[in-house]
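**Q** Listed below are the residues making up each chain.
There are 2 protein chains.
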Amino acid sequence: MRYKLTIEYDGTNLLGWQRQLDGPSVQQYLEDILDKLNGEHKEITSAGRTDAGVHALAQVAHIDLNREMPEWKIKEAFNGNLLQEEAPVSILSVEAVEESFNARFSAKKRAYIYRILNRRAPSPLLKNRVWWTPYPLDIEKMREGAKFLIGHHDFSSFRASACQAKSPVKTLDKIDIRQEGEEIIFEVEARSFLHHQVRNMVGTLKLVGEGRLPPEAIKTILEAKDRNAAGPTAPAGGLYLSKVGY
Amino acid sequence: MRYKLTIEYDGTNLLGWQRQLDGPSVQQYLEDILDKLNGEHKEITSAGRTDAGVHALAQVAHIDLNREMPEWKIKEAFNGNLLQEEAPVSILSVEAVEESFNARFSAKKRAYIYRILNRRAPSPLLKNRVWWTPYPLDIEKMREGAKFLIGHHDFSSFRASACQAKSPVKTLDKIDIRQEGEEIIFEVEARSFLHHQVRNMVGTLKLVGEGRLPPEAIKTILEAKDRNAAGPTAPAGGLYLSKVGY
Chain V
1 MRYKLTIEYD
11 GTNLLGWQRQ
21 LDGPSVQQYL
31 EDILDKLNGE
41 HKEITSAGRT
51 DAGVHALAQV
61 AHIDLNREMP
71 EWKIKEAFNG
81 NLLQEEAPVS
91 ILSVEAVEES
101 FNARFSAKKR
111 AYIYRILNRR
121 APSPLLKNRV
131 WWTPYPLDIE
141 KMREGAKFLI
151 GHHDFSSFRA
161 SACQAKSPVK
171 TLDKIDIRQE
181 GEEIIFEVEA
191 RSFLHHQVRN
201 MVGTLKLVGE
211 GRLPPEAIKT
221 ILEAKDRNAA
231 GPTAPAGGLY
241 LSKVGY
Chain R
1 MRYKLTIEYD
11 GTNLLGWQRQ
21 LDGPSVQQYL
31 EDILDKLNGE
41 HKEITSAGRT
51 DAGVHALAQV
61 AHIDLNREMP
71 EWKIKEAFNG
81 NLLQEEAPVS
91 ILSVEAVEES
101 FNARFSAKKR
111 AYIYRILNRR
121 APSPLLKNRV
131 WWTPYPLDIE
141 KMREGAKFLI
151 GHHDFSSFRA
161 SACQAKSPVK
171 TLDKIDIRQE
181 GEEIIFEVEA
191 RSFLHHQVRN
201 MVGTLKLVGE
211 GRLPPEAIKT
221 ILEAKDRNAA
231 GPTAPAGGLY
241 LSKVGY
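First to last, the sequence lines map onto chains V and R. Mapping the first sequence onto my numbering, position 33 (from 1) lands on 33, and the numbers just tick up by one. Mapping the second sequence onto my numbering, position 16 (from 1) lands on 16, and the numbers just tick up by one.
For reference, chain V alone in the conformation it holds in the complex:
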């Protein structure tokens, strides 16, 4: 019996989605609970392996159970155990799916948001939730620069050296930038992303926002197909996996 889980987590004290030997991960928390339910070890696959410090509003994973169980009961079993372990992870919903459903390979769209807090004073209440940037950012210039990223491109300039994707060519469907109070919110969507792609795009667009790069520089950087041409990687704490579409 296959079930689809939708998962929220606070990535601050996690080593990311994937199981690691040296610290807690979402996968480990969830697999340990699944092992109890199944009585044997089964691996859990997610839509995307988020990095250490990255959050999820709605990560998706699938699990296989040895027996049928009501959806609400699976949810309560996971959340009860997660609360008890004080895991920074919560199951938002559980849904029975076909055996053919695969959280990773059936995904048609992944959406992320990136939050920048753009004000002079730091915010203790938003620590590890936003990237605090004290110098005023020009949103219009960032939007102009972001336009060059939309579409089908070789994103090598925005790809982490550790990236395991077969090809650096991806299609970016959306990159919207909006002001919300003192925050600047980036919304990006694609079928899939390269490792660090969103954080590298945001880190480079921030240089445009500060006036240290002209918007057209994004085109040149993209065409260089060289990670050294782009700006720094934006911090993990501002990034949220917000939706996976199937």
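Hints in this document: simulated from the structure, not taken from any laboratory. Do not take every clue at face value.
Here are the simulated DSSO-like pairs of lysine-lysine, each with C-alpha atoms no more than 27 Å apart in a straight line [what the hints assert, rightly or not]: (1) R:Lys73 to V:Lys127; (2) R:Lys127 to R:Lys243; (3) V:Lys73 to R:Lys127; (4) R:Lys243 to V:Lys127.
Chain V is fixed; fit chain R onto it per the hints.
**A** Quick look at chain R alone, frame taken from chain V:
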């Protein structure tokens, strides 16, 4: 030279505003920095002494400096030191004021917000930021009950036993309740509040929202003038001092 400070803090790991011997407080962090600036110890007075775990979006305090300093320089001096000490406190603004200004006694209005997360699954991203209540709350019923609290009343039923106020009689100017996504937000305003008054009002209104008390019970509870008549104290983490008016 007197200056008005507007302060944000994450109360989660603080013992509250007031200096304590057994742990960190906002007052202690700020006074230690002020001591450095002045070269001698001076106490700092705030608009209200928030409890352990309670947050502030805009607490107000005043400080006296031995010499004149540009406002921005005072702000940077405080924030530089606070960041270095990883204090969960930030100075949002500094403003030169008359000697007659007193953060506590000149305050004409205090506003708080209280955030309830009303959904089945807990939220790791909002831990210590909201009160998570999994059973559905009826907002209309809570509003009906809240109406009885508006105005000039003896609030003994909602007063902590440790409260040091001379009189239990206060005037509640506003208690608005609204839904915002999965959250229920309370906004309350008064010239001043009794100790735990907001949290005791919210804790009691939650019983009305759950249908465990009828809205009219709030009137009876208020008239009882007895803390035992009301509901439990809502947790500190959902409460934010949001504005002080002068």
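**Q** Look at each hint and say if it fits the structure.
**A** Going down the list of hints, with the structure as the test:
1. R:Lys73 to V:Lys127: Measuring from Cα to Cα gives roughly 23 Å; hence the hint holds.
2. R:Lys127 to R:Lys243: Holds, at about 23 Å.
3. V:Lys73 to R:Lys127: Since the Cα atoms of Lys73 (chain V) and Lys127 (chain R) sit roughly 23 Å apart, the hinted pair holds (cutoff 27 Å).
4. R:Lys243 to V:Lys127: 21 Å, holds
The structure shown violates none of the earlier numbered hints.
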